[in-house]
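Trainee: Each chain, written out:
Protein chains: 2
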Amino acid sequence: MNSKSALTIFVFVIAVGFYSCNNDSQNTLDKTEQTNNSNAHPKLILTAQGVKDIRAQLGTIPIFDKTLATVKEEVDAEIASGIHMPIPKDYSGGYSHDRHKRNFVVLQKAGVLYQILDDEKYAKYVKDMLMQYEAMYKTLPVHPKTRSYARGKLFWQCLNDSNWLAYVSQAYDCIYNYLSEDERQQLETNLFRPFADYISVENPQFYNRVHNHSTWGNAAVGMIGLVMDDDELVQRALYGIKDANLDANAKDNDGGFINKDGKAGFLANLEEPFSPDGYYTEGPYYQRYAMYPFLIFGEALQNVKPELEIFKYKDSVLLKSVNALLQLSDAKGNFFPLNDGQKGMSTKTNALVSAVDITYHFGNQDAGLLSVAKAQDKVMLDDTGLSVALGLKENKEEPFSKTSINLSDGSDGDEGGVAILRAKNEDLTLVFKYAAQGLSHGHYDKLSFSLYDKTDEVLQDYGLARYVNIEQKGGGNYLKENKTWAKQTIAHNTLTINETSHFNGKYDVGSQHHSVLHYFSSEDETIQVVSAKEDNAYPGSELLRTMALIYDEDLGKPFILDIMKVNSITKNQYDLPFYYFGQVLSTNFEYETPKTLNVLGSKNGFQHVYLEAKSKKLSNNGQFSWMHQNKFYSLTTITNPNDELLFTRIGANDPDFNLRRDPAIQLRRKNTDNTVFVSVIESHGNYSPVTELATNSRSEIKELKVLLDTEDYTAITIATVNDKTKIFITANTNASKKVKHAVEINGTSYNWTGTHYYK
Amino acid sequence: MNSKSALTIFVFVIAVGFYSCNNDSQNTLDKTEQTNNSNAHPKLILTAQGVKDIRAQLGTIPIFDKTLATVKEEVDAEIASGIHMPIPKDYSGGYSHDRHKRNFVVLQKAGVLYQILDDEKYAKYVKDMLMQYEAMYKTLPVHPKTRSYARGKLFWQCLNDSNWLAYVSQAYDCIYNYLSEDERQQLETNLFRPFADYISVENPQFYNRVHNHSTWGNAAVGMIGLVMDDDELVQRALYGIKDANLDANAKDNDGGFINKDGKAGFLANLEEPFSPDGYYTEGPYYQRYAMYPFLIFGEALQNVKPELEIFKYKDSVLLKSVNALLQLSDAKGNFFPLNDGQKGMSTKTNALVSAVDITYHFGNQDAGLLSVAKAQDKVMLDDTGLSVALGLKENKEEPFSKTSINLSDGSDGDEGGVAILRAKNEDLTLVFKYAAQGLSHGHYDKLSFSLYDKTDEVLQDYGLARYVNIEQKGGGNYLKENKTWAKQTIAHNTLTINETSHFNGKYDVGSQHHSVLHYFSSEDETIQVVSAKEDNAYPGSELLRTMALIYDEDLGKPFILDIMKVNSITKNQYDLPFYYFGQVLSTNFEYETPKTLNVLGSKNGFQHVYLEAKSKKLSNNGQFSWMHQNKFYSLTTITNPNDELLFTRIGANDPDFNLRRDPAIQLRRKNTDNTVFVSVIESHGNYSPVTELATNSRSEIKELKVLLDTEDYTAITIATVNDKTKIFITANTNASKKVKHAVEINGTSYNWTGTHYYK
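If you read the protein sequences in the order shown, they are chains A and B.
Take 1 as the starting number for the first sequence in UniProt numbering and just add one per residue.
Take 1 as the starting number for the second sequence in UniProt numbering and just add one per residue.
Keep in mind that the hints were calculated from the coordinates and are not lab data.
The beta carbon of each residue, even a glycine, is placed where N, CA and C say it ideally should be.
You may find that some hints are simply not true.
From the structure, some residues in chain B lie toward chain A, with a derived Cβ separation under 7 Å [to be verified]:
| hint | residue |
| --- | --- |
| 1 | Met-345 |
| 2 | Asn-469 |
| 3 | Ile-470 |
| 4 | Leu-597 |
| 5 | Phe-657 |
Simulated coverage check for chain A against chain B, where a stretch passes if three residues somewhere in it have a Cβ under 8 Å from a Cβ of chain B [as the list claims (entries may be wrong)]:
| hint | stretch |
| --- | --- |
| 6 | 344-358 |
| 7 | 580-589 |
| 8 | 624-634 |
Cut-off 35 Å, straight-line C-alpha distance, at most; resulting in silico cross-link-like pairs (DSBU-like, lysine-lysine) [unchecked claim]:
| hint | chain 1 | residue 1 | chain 2 | residue 2 |
| --- | --- | --- | --- | --- |
| 9 | B | Lys-332 | B | Lys-314 |
| 10 | A | Lys-424 | B | Lys-72 |
| 11 | B | Lys-402 | A | Lys-332 |
| 12 | B | Lys-101 | A | Lys-557 |
| 13 | B | Lys-101 | A | Lys-424 |
| 14 | B | Lys-393 | B | Lys-52 |
| 15 | A | Lys-614 | A | Lys-724 |
| 16 | B | Lys-616 | A | Lys-343 |
| 17 | A | Lys-72 | A | Lys-396 |
| 18 | B | Lys-348 | B | Lys-374 |
| 19 | B | Lys-616 | A | Lys-595 |
| 20 | A | Lys-348 | A | Lys-52 |
| 21 | A | Lys-616 | B | Lys-595 |
| 22 | B | Lys-740 | B | Lys-759 |
| 23 | A | Lys-72 | B | Lys-724 |
| 24 | A | Lys-424 | B | Lys-378 |
| 25 | B | Lys-614 | A | Lys-343 |
| 26 | A | Lys-726 | B | Lys-89 |
| 27 | A | Lys-343 | A | Lys-603 |
| 28 | A | Lys-617 | A | Lys-557 |
Given only the sequences and the hints, what does the whole structure look like? Please build it.
Mentor: Structure below.
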């Protein structure tokens, strides 16, 4: 079925849209002609024509020349240190793992150097190492470490073996003509073909699924197939293993389904996890990881099989996804750690270098991408990197435009999404998640958000509980606290009901549902709003969260208005935490601190939280100010007399110190059915430890009030300390942008057209 | 007695040394001639000749021109906003406080602008504001806030009033000739003279002591005296109030003695707190604060009374102190937070701009100071700033040399000190404190240390418990936790015995003692050592701590060897904490974590610490690795089977969240008299969240052993994972650099000359 749907799409693809190549048709045509001869090598990533062009420009293209010099220095040092071929034995972070990882990276680079510099020493180095791999691989047993659901041979998991093959196929392509036919025969028979078979037909549970692991496997098999001119492998890459009968209920190490619906192959992996907007359902951290195989195999297919028009597939989704990924980063270029994401991963990662260069070259030569490439300070050493280097040389770059954007989730774009609201050139950025489960790396955090200012996280998403590649922490793999803490709802800035996670933390249930966009509005810079519903996370309870980024000259700095409306058929305990960083500055309420710290609960993440303080009597607004990295922030939230504001800190029941000791302020409301939570979050001032001056250290908010809260409308007033009052009304049922509303509140009529009112 | 000793020193001063002016005698002579006419104004900081020179160079001196433009913009904005003269009522951080603070800063700048730009609008602005102060001050009562031992009138403490006068006297000097004699008479009679009297003769408990507060008072009174040509005030500034009979046992708000020994006046303040090396006994944070009055009044005295040769006083201690202060900063220029010091205060503070410019101009034109000035990116708008601007214009700057340095404490340099050991261009910096009490801002932390690498604190000194000028936190003043936590011994990286602070936390006792240098050796870059003794902190116990910074090519990166040797007549409990930052990475021992967090003790700071985990059985070495800001660190320490390694965290009994939740690993040894603690601290690797590669994530240390520990010698072997073994032997009794030692250990003879052996 996969092959059929893919072919259908090939026929209907229309070369229009932002990323289409139609304004570059002459170039495209040239490339097609140059690369159609499948016997010329290199042809996979570097092309024979590209090598000619690069050699002609060398010395006049600064960023390319610089990258080349760095790579040459690196490879020369490796050649000088000799070939290291340890017997595989370690997990990530161990010597044999790191060494073989290093080897495939160096092999790819050495192949490129051979082509560009025309120096045989690099070809010989590649050949010698490949021959050693050939000698070792033909008798190599399955890797001795047993933790993976799909053990590799060079590495503890097939995933890493696939990484190896995707890189090494490029090296092989580069020295293909340098080798004799016998040598090629020897490598292909004893190393490459069995290697490709091992990670595919011998491990269908790894290969034949929709998952970032499989994408790597598909790309690896396809790329070596393209180099070897082995169409069976290329077909297996594109469409998966025919007749692989996998248990529809089997799961991998992360608890994800192996293959519930039988979809497989590169095209299915392109089809399924990407929404039409280019959002990748696992989130940006895994998208970044998947980008390299997606785009490098895309580039290879475009070079060797241009008739597939892979970059136009699904309305150019591959190229769109690069824009989506760049948008999913904070002002420093760090990706938002949605779902399992490790903080600090950024647009500077190598996978984004290839993504940006390939998108620039095969897409629309977007000048904004040049400024991203400039910040990356390196390019691909191939035809695409040459394009970027020439663009930069000609000073064509413009700032990459970070905007407010709503990214749909789901292969058809109808399974929720992620909205990003930005104000004042990223002075404040709201990330609002109302997406689908996100496969096995998904967290149970419907309608959650995180908040960023220009330099810091203001309210954090915890990210994953893992120290990637740091062997001392659980072999560099996922820690058990990833499941017991990081994935749980209470670990996120969203609502937990009755100390239970969304969908009861059950992956099978969560995977069947997604939140639903109510409306998204970013046209008016004064007030940008996103609103979404979640009716399935807690059966019997309906959540509607409406978040506005208000940047109103009347009120000063941009701030967030957060309205979480709940309808429930039962009386519940609600917990709404806000995970801040830094030091408590002040509160407008009294609180008591216990002598000893006890855990907040017994399960679903609550067992990992200490209670550091609890509010005494609250008035109608609870206000909490804090200080972090010399900046002042405040949360103001509407409170009932029986509400509690809890000061919590992560770290309980953490016998290996796997969790960060980060704090939260948590609003708790008990024994309540229908209710609404209304809060404002400000980043309002800063402190200089050098001048010792505090600027705007106090909240601008005097009072928040619910003016009206019905099934159809919620109206909030925001009064500031400067005695200005604003009213925000959101339509809770009718999200049409065209409908006219008329509401009377306390004798005043409010009339407007569209989703919301603000004045 | 002060006047007598000061006069004696004036006679004996010899113009030699690093900071002398003898290579600049022509310039000095010129200045003397120019400024001897005490009727010419300005004369105090700006001089009439300086103004001429500056006007001639304007537009050709970039850093000066830039500073001038910034100041002009700032003052023009203030002039446009009008004059604000609130009735004094607030503590630090409140409006009236901040406004009057702003006023004096702007007045000083406006005065300078009048002189340099020759634009009467600035003179008029200064005059108008001074007249409003005159109108208000003559009937102004004592400030309504009562917390200070010396309440001011414009501010809640005389200290801030003194700040005001020190700045405003400069403004007055600048517009002196612009005013009519009547106007001057009016201001001097109703404002300046009574103001000077109020902060001096009416508040002798503030003015007549050796303390940074008094230095401000003395400078303020002296500067207005110099402008007004009022020699009585100048004499009062230099020598204090005659016959002020103060209670020798009275204390200030910080618990410091007001005036135990009757010393007072600017010269006494210069004499007493500065050691001959220029170390200021309160530590760099307060020295920085004191620098401005010391140097600005020094400049004023040099300009108006050059015959005093103030910059040669006490072997040029004023200028030496600037070098000492610059050395007391980390690689980022942040001052080490010894005693009460707020982190983040740096060499970029305005007080250091004046200090650096004045030192450059009146000192030896040290080219290293120009690079500090360049980083400050501004200069004084006076003769000294002109010198610096011309130096930078002529590209004379050289890197400021940060070195290993031993700074003695005490007015005669015989009351302990602070040693700084630096390796590899500040890749690792050890700060070792064996100083005197440090007056009322001193902490009880004999033989404590802190450790820095190029970008971070590795093992921290907590600093003060205060949020300076952030009114929400205790009015911006010292918090009670400063006494109950920050000053206590357990808050520091040194030895606490029997859960009691040094000197039992008694200021009267601590002030009578200081640690004693055993030896300091920084000649050999491979191994730099400082060793000091403390026999009084715990009567009956003698502490000898020897710390080596080893940078041995055989072993790789620099690391710290720490030997704390204790002899005691009683069996004790010892606690030796190491305050790290970040996440626990690994240990070579098992530990147990409690379900609830309990406090570690009941008093002396222990009540502020939670116990997060405790080691089970230890072997002969306890090793602990952690990760912070993507760097890897390890502590390896020799342990006995009955020792405990405690994982602690600050924050218990902290009802207002005044303390940071920082962790420590703490070695506890019970029921022991004589013993030795031996540890190695490494900064050994780093992690990139972008490449996700961990480099050198593990300790290089395999084992530490005590080979010998006698009264005379302690010998340690350091074995690395690469099977290299080094021996360090320190002489515990004879610290002569010339004496020959011969020690036989396990049949091997070790022979060397000097304090220590390393091979």
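Trainee: Between Lys-402 of chain B and Lys-332 of chain A, is the straight-line Cα distance small enough, at 35 Å or below?
Mentor: holds, 32 Å
Trainee: Hint check: is the beta carbon of Ile-470 of chain B less than 7 Å from a beta carbon of chain A?
Mentor: OK, holds: Ile-470 of chain B within 7 Å of chain A, min 5 Å.
Trainee: Going straight from one Cα to the other, do Lys-617 of chain A and Lys-557 of chain A come out at no more than 35 Å?
Mentor: With a Cα-Cα distance of about 31 Å, the restraint between Lys-617 of chain A and Lys-557 of chain A holds, given a limit of 35 Å.
Trainee: Taken at face value, is the distance from the CA of Lys-759 of chain B to the CA of Lys-740 of chain B at most 35 Å?
Mentor: holds, 16 Å
Trainee: Return the status of the interface hint for Asn-469 of chain B: holds when the least beta-carbon distance to chain A is below 7 Å, violated otherwise.
Mentor: holds, 5 Å
Trainee: Does Lys-595 of chain B sit within 35 Å of Lys-616 of chain A, going by the straight-line distance between their CA atoms?
Mentor: holds, 25 Å
Trainee: Is the hinted pair Lys-101 of chain B and Lys-424 of chain A satisfied, with a Cα-Cα distance of at most 35 Å?
Mentor: Distance of about 32 Å is within 35 Å: holds.
Trainee: Per the CB criterion, is Leu-597 of chain B less than 7 Å away from chain A?
Mentor: holds, 4 Å
Trainee: Can you take a look at whether the stretch 580-589 of chain A is actually covered by chain B? Rule is 3+ residues, C-beta closer than 8 Å.
Mentor: holds (count 4)
Trainee: Is it true that the CA of Lys-343 of chain A sits at most 35 Å from the CA of Lys-603 of chain A?
Mentor: holds, 26 Å
Trainee: Tell me if the straight-line CA distance from Lys-348 of chain B to Lys-374 of chain B falls inside 35 Å.
Mentor: Holds, because 10 Å separates the two Cα atoms, which is no more than 35 Å.
Trainee: How does the coverage statement for the stretch 344-358 of chain A fare against chain B, requiring three or more residues with Cβ below 8 Å from a Cβ of that chain?
Mentor: This one holds; 6 residues, not fewer than the three required, reach chain B with a Cβ under 8 Å.
Of the numbered hints stated above, none is contradicted by the structure.
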